[in-house]
Amino acid sequence: MWKPKRRASSSSDVHKKNPKLPAWKARLKQLLSLTSHQRRILALVAFLCILNYLYVLLFSSPSRFVIILASNTGGGVIDWKTPQQWAVERTSLKNKKAYVRRHGYGLAVKDMPMQRKYAHEWRESWEKVDTIREVMREYPHAEWFWWLDLSTYIMEPHVTLESHLFNDLEGNVSRNLSNSFNPLGIPDDLPFVDSKHEINLIVPQDCGGFNLGSFFIRRGTWTDRLLDTWWDPVHYEQRHMVWEHKEQDALEALYRNHAWIRSGTAFVGNRKINAFPPGACAEVSNDRQFFYGDRDFCVNMAGCQHGRNCFDEMTYYKQLSDLLNRKRFFFF
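Here my numbering is used: the first residue of the sequence shown is 6, the next is one more, and so on.
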């Protein structure tokens, strides 16, 4: 006479038969009730998981690149953050996490809350320098660090930093302002500039000068010296009430006056790593060198909190990126 195969009892079945049985004993009894074939499959899956973990732990090399994402900008000190502001932060963070996961890069998310503001006690916005130092200590084997403001969105997630910029670094950047955009009119005749010095800082320029919403900095003695000089309290005390853009203006002043800083600095077109949406740099709205174009790598909604809508802009560019890359992900 035909008899149906006996179904392996689940832990819930075991628990129903004996409700006083502890949950872990119920699970153990369930495992013991599995057939030999089921146990072999389970053992194989567990073995492969352990093997994969050991491979990643022992043989994967540390990433050459680390993204530094400035999170929680402002910290809700002046007023409460709105649901839309939190949504912008989540969208930006999710974008960076997906990108580094895809390419094996590092990601350091750093909280940037606004502190109590006293003229000579808190260098608001200057903490960027200290944050870079901190991340360099956390990732001792990384070479390049890509600072990104929270208002940025990586539009082409399949493009690696190597193929986009670093495989031909000299060809993608300009070593002096005579061959690139120079909105500040910085003189280019400073003596003792070494044009053969290795590149340690890559900065885009917008309509107003240096833009530090998206830039690259390289680990090394040159960078250690730059960060020391950049963070120098003497510069802060003398100029902090004059420098409207704080650490950005300070870097411009250092570049203007120090040959060794020029020697290690290179410039990249704004659209290469920092394309703007309409509304930013409104005074030059017809100049396409600043504004997002088809398939630009990264967009920065810089200044969206001043008379524009950060949530609408972030949502638009997220949806555009999803649309542009839909087929690519479908066949991935």
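If you're looking for bench data, these hints aren't it; they were derived computationally from the structure.
One or more hints might be untrue.
Taking lysine to aspartate or glutamate pairs in the DMTMM-like style, the calculated list, with each CA pair at most 20 angstroms apart, reads [unchecked claim]:
(1) Lys99 <-> Asp292
(2) Lys115 <-> Glu132
(3) Lys99 <-> Glu132
(4) Lys277 <-> Asp292
(5) Lys99 <-> Asp317
(6) Lys201 <-> Glu161
Simulated restraints on C-beta separations [to be verified]:
(7) Thr87 <-> His202: 32 to 38 angstroms
(8) His263 <-> Lys86: 22 to 28 angstroms
(9) Arg223 <-> Asp193: 51 to 57 angstroms
Don't be surprised by glycine CBs; every beta carbon is placed ideally from N, CA and C.
Fill in: 20 angstroms Cα cutoff - pair Lys277, Asp292
holds, 15 angstroms
Discussion item. Just to be careful, I want the Cα atoms of Lys99 and Asp317 compared with a cutoff of 20 angstroms; is the pair within it?
Written reply: Within the cut-off at roughly 17 angstroms; holds.
Worksheet item: If you draw a straight line from the CA of Lys99 to the CA of Glu132, is it 20 angstroms or shorter?
Response: violated, 24 angstroms
Practice prompt. Please work out if Lys115 and Glu132 have their alpha carbons no farther apart than 20 angstroms.
Written response: Roughly 11 angstroms separates the two Cα atoms, so the pair holds.
Discussion item. Hint check: Lys201 vs Glu161, CA-CA at most 20 angstroms. Holds or violated?
Written reply: Answer violated: Lys201 to Glu161 is near 32 angstroms, above 20 angstroms.
Practice prompt. Look at the Cβ atoms of Arg223 and Asp193 and judge whether their distance stays inside 51 to 57 angstroms.
Written response: With Cβ atoms ~23 angstroms apart, the hint is violated.
Worksheet item: How does the Cβ-Cβ distance of Thr87 and His202 compare with 32 to 38 angstroms: does it lie in that range?
Response: Once the Cβ atoms are compared, 46 angstroms apart, the range 32 to 38 angstroms for His202 and Thr87 is violated.
Worksheet item: Straight-line Cα separation of Lys99 and Asp292 no greater than 20 angstroms?
Response: violated, 31 angstroms
Worksheet item: If you check the beta carbons of His263 and Lys86, does the distance land in 22 to 28 angstroms?
Response: violated, 39 angstroms
In this structure, the earlier hints numbered 1, 3, 6, 7, 8 and 9 are contradicted, and the remaining ones agree with it.
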